[in-house]
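Spelled out from the first residue to the last, the chains are:
Number of protein chains: 2
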Amino acid sequence: MTKSYLFEVKMSCGGCSGAITRVLNKQKEAEKVKDFTVSLPKQLVLVESDTLSLDDVNDIIAKTQKTIVNKKEVIQGWKLPEAEGEKVEWDAVPTPVVM
Amino acid sequence: MTKSYLFEVKMSCGGCSGAITRVLNKQKEAEKVKDFTVSLPKQLVLVESDTLSLDDVNDIIAKTQKTIVNKKEVIQGWKLPEAEGEKVEWDAVPTPVVM
Numbered sequence: 001m002t003k004s005y006l007f008e009v010k011m012s013c014g015g016c017s018g019a020i021t022r023v024l025n026k027q028k029e030a031e032k033v034k035d036f037t038v039s040l041p042k043q044l045v046l047v048e049s050d051t052l053s054l055d056d057v058n059d060i061i062a063k064t065q066k067t068i069v070n071k072k073e074v075i076q077g078w079k080l081p082e083a084e085g086e087k088v089e090w091d092a093v094p095t096p097v098v099m
Numbered sequence: 001m002t003k004s005y006l007f008e009v010k011m012s013c014g015g016c017s018g019a020i021t022r023v024l025n026k027q028k029e030a031e032k033v034k035d036f037t038v039s040l041p042k043q044l045v046l047v048e049s050d051t052l053s054l055d056d057v058n059d060i061i062a063k064t065q066k067t068i069v070n071k072k073e074v075i076q077g078w079k080l081p082e083a084e085g086e087k088v089e090w091d092a093v094p095t096p097v098v099m
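Protein chains in written order, with full-length UniProt numbering: chain P, 1 to 99; chain D, 1 to 99.
Same shape as in the complex, but just chain P (with noise of 0.2 Å):
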């Protein structure tokens, strides 16, 4: 079952953003993650996997040392804005229903 994590990540610049793309395109290369969208303006990093839980992903991104501020599963299917100057409301981001 897929699963979608978000990450608030700083981010200050595109090299930074750069090298979080690098270190998940090579997990997406490796088939480990399905997915994923890393928004600079937004400071947030989405990931979908169909086999990684959220501590796998975190430690991930964590090997390019930028801060992870904030992260959780999001429901499947949720995706960031496109707008760049829409704003995310990290608590307004809806997580799956624990059964």
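Each hint should be verified, as a subset may be incorrect.
It does not matter which identical chain is used: a pair holds within one copy or between any two.
Stated by the list, open to error - Below are the SDA-like pairs computed for lysine to any residue, each with C-alpha atoms no more than 25 Å apart in a straight line:
no., residue 1, residue 2
1, Lys-72, Thr-95
2, Lys-63, Thr-21
3, Lys-79, Pro-94
4, Lys-71, Thr-51
5, Lys-26, Asp-91
6, Lys-28, Val-98
7, Lys-3, Ala-83
8, Lys-71, Val-93
9, Lys-42, Trp-78
10, Lys-34, Pro-94
11, Lys-26, Ala-92
12, Lys-28, Leu-40
13, Lys-63, Gly-18
14, Lys-63, Leu-46
15, Lys-3, Asp-55
16, Lys-26, Ser-12
Calculated directly from the structure, the hints in this document are not laboratory data.
Since chain P is already given, all that's left is putting chain D on it; use the hints.
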């Protein structure tokens, strides 16, 4: 014997150089790196170590996903010029004499 390694690394902001500083600080705490200097304006990283090889240090820096443009061992004791504007000519940095 302490060895000194010089790396030319693409860093575009303080977040980029900070990531490299953090990964090298961890190695310093683990006493694998003796000392190091990261210069964002010069795009250079100088690392001194008693135990690590050039390739070891390469792998540590590469974890941050920053692009390593160039690398070489330089003579022990060589330091980065402190003046920000002072450019370093890569080929002019002396390398150890091979016996």
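Among all the numbered hints in the text so far, which are the ones the structure does not match? 5, 6, 11
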